[in-house]
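Those sequence lines, one after another, are chains P and H.
Numbers 140 to 430, taken from this note's numbering, label the letters of the first sequence in order.
Numbers 76 to 330, taken from this note's numbering, label the letters of the second sequence in order.
In short, the hints are calculated from the structure, not lab data.
Treat the hints with caution; some may be incorrect.
Just a sample of chain P residues kept apart from chain H, beta carbon distances all over 10 Å, derived [claimed, not checked]:
#, residue
1, Arg178
2, Lys214
3, Glu275
4, Glu282
5, Ile316
6, Glu348
7, Asp387
8, Leu388
Pairs of lysine-lysine, BS3-like flavour, derived with a Cα cap of 27 Å [unchecked claim]:
#, chain 1, residue 1, chain 2, residue 2
9, H, Lys326, P, Lys294
10, P, Lys239, P, Lys270
11, H, Lys330, H, Lys214
12, P, Lys294, H, Lys330
13, P, Lys294, P, Lys267
14, H, Lys80, H, Lys214
Glycine is no exception: its CB is placed at the ideal position from the N, C-alpha and C atoms.
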Amino acid sequence: MTENRVTENRVTEPQVSGRQDVRQDVRLSVDQVQKVYQRDGESFEAVRSLTLDLHQGEFACLVGPSGSGKTTLLKCIAGLMEPTSGSVVLDGQQVNGPAKGMAVVFQEYGRSLYPWMTVEGNIELPLKVAKLSRAERRARVDEALASVGLEQARKSYPWQLSGGMQQRVAIARAVAIHPSVLLMDEPFAAVDAQTRAELEDLVRKVWKEHDMTILFVTHDIDESVYLGERVLVLSSSPTVVQHDLVIDLPAERDQLVTRSMPRFTELRAQVYEQVQIAKTNKTGATTVSAL
Amino acid sequence: MNALKSLLHFVVLPVLLIALWWFTTRDGANFFVPQPGPLVDAFVEVWLGEGFRNDVVPSVARLFAALAISIALGISLGVLIGSVEWVRSLLSPMLEFVRAVPSTIIIPVLLLVIGINDTMKVTLIVLGCIWPVLLNTVKGVASIDGVQVDTGRVYGLSGLVRLRYLVLPAAAPQIFAGIRQSLAVGLVLMVTSEMFASTDGIGYATINFQNRIAIPEMWSGIVLLGLIGVAMSVLFQIVQSRVLGWYVGLKESAK
Ligand SMILES: Nc1ncnc2c1ncn2[C@@H]1O[C@H](COP(=O)(O)OP(=O)(O)OP(=O)(O)O)[C@@H](O)[C@H]1O
Ligand SMILES: [Mg+2]
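Just chain H, same shape as in the assembly (with noise of 0.2 Å):
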């Protein structure tokens, strides 16, 4: 019944609109609006040709070390801040002012600082993504249960053991809704510090295609980019799903 539904959402309601799309717009009289037919052609011979290599992997690969950064990064300093008091106190509102400053006002101060390059890109979305995560595990590292930390105390864990099977799955839900929340951010980032300054990647092509008044190929580029999003957002939901099963079940028991 389930699958069902979630078969009900997944193909007959985007088949119905498209279906719709192409109905609505049979006679291109708009110019700005674009036909599926055209479109994908568009998509095909821009995405999947040349592009492929010169634009949609350098995007990708920029946008997966800066989340892979900003994960590893966020879930390190934030055991590290949610584990001591006295540091968590001291560091929480600096920590929330900074993450309430838009990350796009620093391209700028990026662009003089570092330069027109991967690496002032694969920084912009580090700043953007690395605050639901680290604010997520300083939350989930300090509201661990306290029956749960006295199991672990009476039993000896400490250091690397205690980390690895108490603080980190203990945490784990809300680690992963901080990344949940980073994945948006970062696929956001990583098209606008393609529009600002760069010679490829995704956002580059689709503004350089506006440019020149390619619209199907305008846009295919935020198709791909919707395209990427839901690839993000399914991969997500696999891991979790590994990760968090027992949360799942848990919460279900509670019933």
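For reference, chain P alone in the conformation it holds in the complex (with noise of 0.2 Å):
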């Protein structure tokens, strides 16, 4: 039972109604990445062969338990590490690098924001990369701080904010450079609860405003029902595509409405039931020897 369960991979052939409208507009396409680490000589298999397609403004939450190769996934994704096999591409194009058109939102959000620089310096050092006029980026940080609630603090730094605050200095930088694909890993992680559900109703306004294909890495079943139109379910360690499932909930979402409805209910016990799987699954050898 288990057995067949697990092997069920819907990745490559969803059997969901209702989404062959977006089907042909693939923004970003996994294919059979694989990573393996070398580690004091041995190698460890994070990644075994991760399939998924991504549509043109799409929200997909990737669900996964800790140390299941989430961040792998997105690095390799995003460019930052080179898959050991298999190919990642984003509008037709190899990833081979970090591409334009992408913006991460990274686990470790205090590390990832300078703190030599303003909340302002940082949201605008992409976008002077990206040689946009000045004017140009006033707009852009502008827009960027409106939409994050943030306006007020645009000459602070970064570590005179709370965690709460830099996640939304960290969400407005990568706003601001108008992606046409956000990632982001496990970024309320750290956060209380409170701030943690104003934080998911902003991605989700954000998403909304910005017609963006947004990939969110989160160990939180609950948020990823409650986030994503689609949710991914990966193994553990080497990871695969466990379950690939449709939340039909309606778009507007409400932390009390949507949470109190038995259908995100049961979507929510379907999820658990395939992460609960996929724990206690640890089909093939962690290590791999041959290599």
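Combine both chains into one complex, guided by the hints.
Structure representation (structure tokens):
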């Protein structure tokens, strides 16, 4: 029974209705990505063979147990790390290094903001790189700050802000470059529940405003169902996509209303079940010695 | 409260010590121990008159030129070496070795190769001062936070923009620690270079006074060196607090 479930891999052939309309519009395509780390002369296969397509405007959540290779996968997608095999294609172009149009919000947001620059300086830096004029940069920074509600903090330094506010800055910096794909790595794992709820709604809002494709990594099941239009459950290391689920909740999400819907509870239970399977299933020896 | 404390340190203690000094040397019994009064007179006469142009200016000019060269060269080479991993692991042991050689030992070599002139003195100071800056820059550049580096890559930072907005600021705390060390080394080497072979400079003049048994004058040279040291340290602090204000704030906020 368990064996059956595990091998069930619906990524390549989604049997879910209602998404045929967006299928032609593939933004990001991850094809059989494998990542093997070399560590003290031993090989460690963090990601086995991961295949997934993201469509234009999609909000997909990636759920997986801790240490299941979520960050590894995201780094491969972002072009920060070369996969051992397989390929990542963004807008029809092979990703060989960080690609224009892709933004990342890192798990360690505190370290990802440059402490020697103000909030404004941090958001503006990628725009300078993109050679935008001073006026354009100014407009983008204003817009980004407004969309995360941080206008009053523009002259502050990141270390003067709370964790939640720092995360907003990181989001503003990503949004300011008008990315086509935004990758987020457990961005809210370290903030308190109240802030977390606010930030979740913020991301939904930003996603709608900017017509982006988002891949949001989390280990929080509720969060993945609440945020996503689609949830992908990863197996534990070596990682494959174990389950692909469409979240057919209304687009207008509300912390109270949405979370108390029967459908939310159902979906949540489905994801939960898959994650449990992922946790207990440790097929495939973690150490590959024949490499 | 803090300001009061530093005022206490900066003013009250020295005043007390000078009073003690004046009191214990008031009968002038020991010829070699200077008294505050004659020392101040000698200081004004020797260093604020002719000596200013003839000795102080050349010394300080050589020191500052050498420090500027050391800092510029140390940071540039440090960034190059620190950025490329194989260059770093290739050169690091050698750099540590060269650094460990006391730079005064090459004075004879420099005298032979360059001769008795300003270039020789500046070279000597640079050869002593460059190491702390260079090695600290290498360390600072090599240990930039991985998330900061990844962030830079994601947002396309490269070339001079990367240097200006990522590499240099990230390494700045280390670089400043290196500069601070090299200031002390520089002052010592400035004097040393003038004691061996020179026709001017504070070190030269002070040795001269010693030979002529002009005791207060000799002591005044030592006081001048102390004052220059303090002035450099104050200047350093001002620049550092401007450039590294963020670092202090970051450390405080992490507490
Ligand atoms: N640079 C590396 N070298 C060797 N092994 C690594 C490296 N980075 C990660 N790993 C290993 O790969 C596995 C997956 O790590 P990864 O950070 O991708 O997981 P994750 O799902 O993001 O975990 P978390 O939920 O803790 O963020 C872990 O077992 C980890 O120890
Ligand atoms: Mg991770």
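Going through the hints against the structure:
Remark: the non-interface label on arginine 178 (chain P) is consistent with the geometry, its nearest Cβ contact in chain H lying 16 Å away (cut-off 10 Å). At the 10 Å boundary, the C-beta of lysine 214 (chain P) falls inside the reach of chain H, the nearest C-beta of that chain being 8 Å off. Listed as outside the interface, glutamate 275 (chain P) is consistent with that label: its C-beta sits roughly 16 Å from the nearest C-beta of chain H, beyond the 10 Å cut-off. Every C-beta of chain H lies more than 10 Å from that of glutamate 282 (chain P), the closest at about 17 Å, which supports listing it as non-interface.
At the 10 Å boundary, the C-beta of isoleucine 316 (chain P) falls inside the reach of chain H, the nearest C-beta of that chain being 7 Å off. In this structure glutamate 348 (chain P) is separated from chain H by more than 10 Å, as the shortest Cβ-Cβ distance comes to about 21 Å. Look at aspartate 387 (chain P): its CB is around 32 Å from the nearest CB on chain H, clear of 10 Å, so calling it non-interface holds up. With a least beta-carbon separation of about 31 Å from chain H, leucine 388 (chain P) lies farther than 10 Å from that chain, consistent with its non-interface assignment.
A threshold of 27 Å between alpha carbons decides the hint, and for lysine 326 (chain H) with lysine 294 (chain P) the separation of about 19 Å falls inside it, so the pair holds. Our distance criterion of 27 Å between C-alpha atoms is met by lysine 239 (chain P) and lysine 270 (chain P), whose separation comes to about 13 Å. A C-alpha spacing of about 24 Å is found between lysine 330 (chain H) and lysine 214 (chain H), which places the hinted pair at or below 27 Å, so the restraint holds. Proposed proximity of lysine 294 (chain P) and lysine 330 (chain H) is supported: the alpha carbons are some 22 Å apart, at most 27 Å.
With a C-alpha separation of about 18 Å, the suggested pair lysine 294 (chain P) and lysine 267 (chain P) falls inside the 27 Å cut-off, and the hint holds. In summary, the hint linking lysine 80 (chain H) to lysine 214 (chain H) is not supported, as the alpha carbons are separated by about 35 Å, beyond the 27 Å threshold.
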